[in-house]
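Colleague: Each chain, letter by letter, is given below.
Protein chains: 2
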Amino acid sequence: MANQDIVIIGGGPAGIEAAKGIADLGYKAILVEKRDRLGGNPDEQQYAALTPDLRDTEEALEEMIAPLRDNPNIEVKYNTLVTGAEGALGDFTLKAVSMGKEIDIKAGAVIISTGFQHFDPGRETQKYGYYEHDDVLTLTDAEKMLKAHNFVRPSNGEKPKRICFIQCVGSRDRQIGNEYCSKVCCGISSKQAIEVRQQVPDCKVYIFYIDMRMYGYWENEIYWPAQEQHKVNYIKGMATEIVKKGDKLLVKGEDTTLRRPMEVEMDMVILAVGMEPSEGTKQMASIFGIKQNKYNFLETTGGPLDTVSTNVPGVFAAGACTGPADLEDSVSAGGLAAMKAIASVRKAEMATA
Amino acid sequence: MANQDIVIIGGGPAGIEAAKGIADLGYKAILVEKRDRLGGNPDEQQYAALTPDLRDTEEALEEMIAPLRDNPNIEVKYNTLVTGAEGALGDFTLKAVSMGKEIDIKAGAVIISTGFQHFDPGRETQKYGYYEHDDVLTLTDAEKMLKAHNFVRPSNGEKPKRICFIQCVGSRDRQIGNEYCSKVCCGISSKQAIEVRQQVPDCKVYIFYIDMRMYGYWENEIYWPAQEQHKVNYIKGMATEIVKKGDKLLVKGEDTTLRRPMEVEMDMVILAVGMEPSEGTKQMASIFGIKQNKYNFLETTGGPLDTVSTNVPGVFAAGACTGPADLEDSVSAGGLAAMKAIASVRKAEMATA
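Chains W and V, in that order, give the protein sequences. First residue of the first sequence? That's 0 in numbering that gives the first Met the number 0, and the numbers climb one at a time after it. First residue of the second sequence? That's 0 in numbering that gives the first Met the number 0, and the numbers climb one at a time after it.
Hints may contain errors.
What the hints assert, rightly or not - Listing some non-contacts, in silico: residues in chain V with all C-beta distances to chain W over 10 Å: (1) LYS76; (2) TYR77; (3) MET98; (4) PRO159; (5) HIS229; (6) LYS230; (7) LYS243; (8) LYS290.
Unchecked claim - Just so you have them, the derived chain V footprint on chain W, three or more residues with Cβ under 8 Å: (9) 45-58; (10) 201-213.
By construction, these hints were calculated from the structure, which means they are not laboratory data. Cβ atoms here follow ideal geometry from the backbone N, Cα and C, with glycine treated the same way.
Take these sequences, add in the hints, and give me the full structure.
Modeller: Okay, structure coming up:
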């Protein structure tokens with residue numbers, strides 16, 4: 000008899016959606032989370048508001064997580080790390096360390112939703128001086144300050160008068176090896192630019208970009224309001240270096256539209272860091288033998304026709320562990336993965352019946 | 000007792016994926032299609048190859064559709080148009096015209112996957128002379144010629160020496176009222192540009208664009224190969240007018256990077272037409288009382304947290320009927336809609352039990 004339970008590894012948006020779907024369909028979902036809270040990056044990194052509707056992140060996550068509480072079909076294992084796996088579709092045994100103890104988790108199918116991590120701008124793009132200059136931040140640093148309504152220069156605690164965002168840090172970058180576009184950074188930068196203009200109305204905000212990728216409705220929901228209502232300045236150009244000049248930052252680069260070198264003084268610079276596979280994603284690939292693409296994200300089979308199946312029968316992947324994904328992508332893929340995981344244990348059951 | 004069957008309206012990629020998922024979970028799917036074939040726009044418009052992997056469309060669609068054949072859980076109603084609906088979650092009765100006869104279709108829940116239609120470039124953008132000049136085509140016209148391996152100038156049957164694509168025709172355009180970005184046209188134009196270079200190696204190919212939105216992996220799968228291996232020329236600039244000059248087309252506009260007006264002669268011009276809600280999508284909104292957004296796409300509730308639920312309990316929407324969507328979006332949303340539709344009829348059943 001095939002085990003009909005489904006284990007989901009990673010409690011971010013994709014994993015939450017998958018667990019909810021499995022439970023709604025009358026199957027048992029075991030959601031394994033390494034932290035003591037659900038919510039994934041949006042929670043861990045303390046996102047202030049979500050794209051594209053600028054909705055409060057805590058409130059939105061609470062709405063997602065609420066149906067999991069006291070749900071007889073859902074067991075959440077917090078502080079639990081999967082360390083090994085045996086078996087196959089219909090009969091997996093996962094080894095895990097839970098609250099310091101070694102445990103076994105049995106399931107018929109597995110959904111991996113271990114997500115992404117933000118690119119570390121100190122790793123190879125020394126040119127931006129992230130670890131050298133206090134006033135050079137990442138999107139996640141800025142998000143935390145915006146959430147706390149305390150958007151100030153870390154160097155002196157004063158409100159900034161001029162800031163800029165630099166797009167594509169760790170994305171679309173061959174030298175670093177991340178040739179892909181991380182999909183959401185244009186939208187998140189524009190969202191933060193609006194929030195800065197709301198919280199610090201005197202602050203001028205610039206965004207240096209290669210292409211603004213505000214696809215779908217984001218165009219009208221974020222991009223135009225940022226420019227028209229909130230007077231954010233978009234400049235097509237690359238910043239190549241940041242140096243200290245007095246108590247300011249001098250951003251050097253090229254304005255592509257004006258076709259001339261540019262040097263602008265800023266109080267703060269925010270690096271729009273892209274997505275990379277999380278450590279958990281790489282570990283799960285190794286534990287389950289899942290093929291990875293050249294960037295170490297999990298590879299799904301079937302190109303655009305199948306966004307969640309992996310090369311291992313009974314093991315599915317959903318959300319940003321498969322590549323750059325926005326919230327909508329993660330939620331939709333979480334649902335599809337839930338469906339396919341249930342379908343797989345049903346087939347396994349029929350084969351053994 | 001609640002009806003547990005689920006009717007899916009529209010047999011494109013989202014509808015096919017939803018039907019397959021419902022059947023795999025042991026529920027009955029009734030797939031209603033107005034044409035005599037499945038496959039939606041990719042089939043009807045004779046797409047040659049799919050983004051991003053340039054896989055043959057017929058082959059890919061066959062792979063999607065095959066599991067639906069002789070499936071005891073799936074009934075496909077071809078040549079069938081839904082004309083009315085009564086009832087509510089757990090007990091819908093749809094009125095339809097099937098093969099010329101009026102029929103009733105009973106179901107517990109409904110998934111709408113009636114998709115998009117391509118923007119008609121003759122409607123309001125007269126400046127491009129689509130209906131005036133034989134050699135001005137749309138992406139779908141070009142796709143058909145590429146599929147037939149007969150990429151020639153319609154005016155004289157000769158192979159072109161110089162062609163260009165004009166991006167954002169009917170998208171990101173306030174005058175027309177379509178402020179959204181259609182998401183896939185950058186990728187499809189670049190894919191076609193590669194195919195033209197392969198089929199007509201002497202032909203120079205230009206793409207006039209505002210921003211190249213090759214998000215995620217498309218950057219490395221299409222955008223860089225187009226430029227480096229296939230020598231496609233990308234020019235940031237807007238084309239504002241096309242006039243006839245001898246047997247050529249004179250494209251007038253502005254090169255944003257060089258900051259000067261441009262006038263270039265072309266043998267053929269391909270308009271990258273965007274997505275609009277299909278007639279079927281607008282009809283279903285009216286029949287089921289589904290909220291539409293300002294562009295008449297179906298509105299899903301819950302912003303990014305729910306990509307498929309509508310304001311009508313038991314009625315879900317998946318794919319491009321909700322807004323611009325690529326194939327991955329449609330497949331993922333089809334799966335999520337299947338899951339939520341089943342969950343809804345299960346809940347209705349429990350409520351009546």
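Colleague: Are the hints correct? Go through all of them and say.
Modeller: Taking the hints in turn, this is what the structure says about them:
1. LYS76: holds (23 Å)
2. TYR77: holds (22 Å)
3. MET98: The assertion about V/MET98 holds, with a minimum of 30 Å to chain W.
4. PRO159: holds (27 Å)
5. HIS229: holds (17 Å)
6. LYS230: holds (18 Å)
7. LYS243: holds (31 Å)
8. LYS290: Check passes; 15 Å lies beyond 10 Å.
9. 45-58: Contact hint for the region 45-58 of chain W vs chain V: holds, 5 residues under 8 Å.
10. 201-213: holds (count 4)
Comparing the model with each numbered hint stated earlier shows that all of them hold.
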